[in-house]
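Participant: Given next are the chains, with one letter for each unit.
2 protein chains.
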Amino acid sequence: MTNPVISNSVIRRLPRYYRYLGDLKDAGYTRISSKALSEQMNLTASQIRQDLNCFGGFGLQGYGYNIDDLRKEIGHILGIDAPKKTIIIGMGNLGKALAQHLKFENKGFILTGLFDVKESLIGQMVRNIPIRSTSTLDEFCRDNKPEVAILTTPKEATHALSDQLVKLGVKGFLNFTHYDLTASHPEVTVENIHLGDSLMTLSYRLSEK
Amino acid sequence: MTNPVISNSVIRRLPRYYRYLGDLKDAGYTRISSKALSEQMNLTASQIRQDLNCFGGFGLQGYGYNIDDLRKEIGHILGIDAPKKTIIIGMGNLGKALAQHLKFENKGFILTGLFDVKESLIGQMVRNIPIRSTSTLDEFCRDNKPEVAILTTPKEATHALSDQLVKLGVKGFLNFTHYDLTASHPEVTVENIHLGDSLMTLSYRLSEK
Numbered sequence: 001m002t003n004p005v006i007s008n009s010v011i012r013r014l015p016r017y018y019r020y021l022g023d024l025k026d027a028g029y030t031r032i033s034s035k036a037l038s039e040q041m042n043l044t045a046s047q048i049r050q051d052l053n054c055f056g057g058f059g060l061q062g063y064g065y066n067i068d069d070l071r072k073e074i075g076h077i078l079g080i081d082a083p084k085k086t087i088i089i090g091m092g093n094l095g096k097a098l099a100q101h102l103k104f105e106n107k108g109f110i111l112t113g114l115f116d117v118k119e120s121l122i123g124q125m126v127r128n129i130p131i132r133s134t135s136t137l138d139e140f141c142r143d144n145k146p147e148v149a150i151l152t153t154p155k156e157a158t159h160a161l162s163d164q165l166v167k168l169g170v171k172g173f174l175n176f177t178h179y180d181l182t183a184s185h186p187e188v189t190v191e192n193i194h195l196g197d198s199l200m201t202l203s204y205r206l207s208e209k
Numbered sequence: 001m002t003n004p005v006i007s008n009s010v011i012r013r014l015p016r017y018y019r020y021l022g023d024l025k026d027a028g029y030t031r032i033s034s035k036a037l038s039e040q041m042n043l044t045a046s047q048i049r050q051d052l053n054c055f056g057g058f059g060l061q062g063y064g065y066n067i068d069d070l071r072k073e074i075g076h077i078l079g080i081d082a083p084k085k086t087i088i089i090g091m092g093n094l095g096k097a098l099a100q101h102l103k104f105e106n107k108g109f110i111l112t113g114l115f116d117v118k119e120s121l122i123g124q125m126v127r128n129i130p131i132r133s134t135s136t137l138d139e140f141c142r143d144n145k146p147e148v149a150i151l152t153t154p155k156e157a158t159h160a161l162s163d164q165l166v167k168l169g170v171k172g173f174l175n176f177t178h179y180d181l182t183a184s185h186p187e188v189t190v191e192n193i194h195l196g197d198s199l200m201t202l203s204y205r206l207s208e209k
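The listed protein sequences derive, respectively, from chains R and Z.
Heads up: the first sequence begins at 1 in our numbering, then just goes up one per residue.
Heads up: the second sequence begins at 1 in our numbering, then just goes up one per residue.
The shape of chain R in the complex, shown without the other chains (with noise of 0.2 Å):
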């Protein structure tokens, strides 16, 4: 199902398609044109049919799209149905905030693990799960073979960190630190997220106007 020339603006919108519709899904929709999805989600109706026409196409002319149909596809093509193991490093407030808001389990992800250094973190409980001491982490991932870790971590304390979770068989990160895990291990699967980075490009944004 998936194909190696599908461009990354195809990808990044992907997600939205799956939330769109799982809103719609959950107003008790059912169908839907591609024009009132396009509207709802301030793209073009083309661009729409374009982006999915990249993955086989599902709309049906003069029907338009099968809401339920589509979202469980655009699941499938996200992987959402098959969970991947995943661990946090760093549980201060940032890594606590990751740990109880966001839906793993409906993006394809299962939290098994919270880790941090400092001792007055270890052995609270975040969402059911204990924060352990980062010093057990080689134990903890041969035992359950975490694919994801959520960096959370101060820089220079990443570069060694992400040299043990790759060797310990970690392939996703989710990467909030500003270390550049690309360029030391491109054999793993990185989206990394630069919150100051955001602000830069806002403030951009505002001057420009």
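Check each hint, because a few of them may be wrong.
Claimed, not checked - Under 10 Å between C-beta atoms, here's a sample of chain Z residues computed to sit facing chain R:
| hint | residue |
| --- | --- |
| 1 | Gly-108 |
| 2 | Phe-109 |
| 3 | Leu-121 |
| 4 | Val-148 |
| 5 | Leu-195 |
| 6 | Met-200 |
As the list claims (entries may be wrong) - Negatives, chain Z to chain R, calculated, CB over 10 Å:
| hint | residue |
| --- | --- |
| 7 | Arg-71 |
| 8 | Ala-97 |
| 9 | Arg-132 |
| 10 | Asp-138 |
| 11 | Glu-147 |
Read the hints as simulated data drawn from the structure, not as lab findings.
Even glycine gets a Cβ: it sits at the ideal position worked out from N, Cα and C.
Given chain R's structure and the hints, the job is docking chain Z onto it.
Facilitator: Same frame as chain R, but now just chain Z:
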């Protein structure tokens, strides 16, 4: 200095340039070739030259870039030298993490107010700023005229809240909520951060492999 035809991807790279140049400056370097900069940043040298040419071009043939000058110039383009008063609404773990860890001052912002509806949070100090009740927002905005709001509120609360803030003169939003601010207020500048979408994109890229 700014230019309406500058592409989104160039704009998104500017904060990265700014960060890397800051790291190089901190490490004591004074100049760098586009080749060396490109290797550090995982871009091609010609892409860097093209990007910077959008803003008038800064490099000298055979010399490369003066790190401090280029960084200042990019900072100016990003509007970092024109600090914008900023408030955070929603001071749960995510709001606290943002207030404590983001380097607002280095990125064109001054954090001036923190707000929440939750009684138990009101009066707590974060970064020497008290958390205020959201019910005092009108008064605070009239007195302090913040230009930017960072929203970490629940989706249900965000509709009315954003209407209120736009009326009070807020012109830029860093939006962590699932509420589609751009659709309801096309006149303001919005930078969306959908952490859940980043998770789904990571899931897609992992499934693809």
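Participant: Beyond 10 Å from chain R, beta-carbon-wise, is Arg-132 (chain Z)?
Facilitator: 19 Å, holds
Participant: Quick check on the hint: Met-200 (chain Z) CB to chain R CB, less than 10 Å?
Facilitator: For Met-200 (chain Z), the interface hint holds, since the closest Cβ of chain R sits about 4 Å away, which is under 10 Å.
Participant: May I ask you to check that Ala-97 (chain Z) keeps its beta-carbon over 10 Å from the closest beta-carbon of chain R?
Facilitator: Its Cβ does come within 10 Å of chain R, the nearest being 4 Å, so this is violated.
Participant: Beyond 10 Å from chain R, beta-carbon-wise, is Glu-147 (chain Z)?
Facilitator: 7 Å, violated
Participant: Against chain R, does Arg-71 (chain Z) keep a CB gap of more than 10 Å to every residue?
Facilitator: 12 Å, holds
Participant: Against chain R, is Val-148 (chain Z) within 10 Å by beta-carbon distance?
Facilitator: With a minimum Cβ separation of about 7 Å from chain R (threshold 10 Å), the hint on Val-148 (chain Z) holds.
Participant: How about Leu-195 (chain Z): closest beta carbon in chain R under 10 Å, or not?
Facilitator: Since chain R brings a Cβ to about 6 Å from Leu-195 (chain Z), closer than 10 Å, the hint holds.
Participant: Mind checking the CB of Phe-109 (chain Z) against every CB in chain R and telling me if the closest is under 10 Å?
Facilitator: 6 Å, holds
Participant: Would the hint on Gly-108 (chain Z) be counted as holding, given a Cβ-Cβ threshold of 10 Å to chain R?
Facilitator: 4 Å, holds
Participant: Per the CB criterion, is Leu-121 (chain Z) less than 10 Å away from chain R?
Facilitator: 13 Å, violated
Participant: Decide, holds or violated, for the assertion that all CB atoms of chain R are farther than 10 Å from the CB of Asp-138 (chain Z).
Facilitator: 22 Å, holds
Taken one by one, the earlier hints fail for this structure at numbers 3, 8, 11, listed in ascending order.
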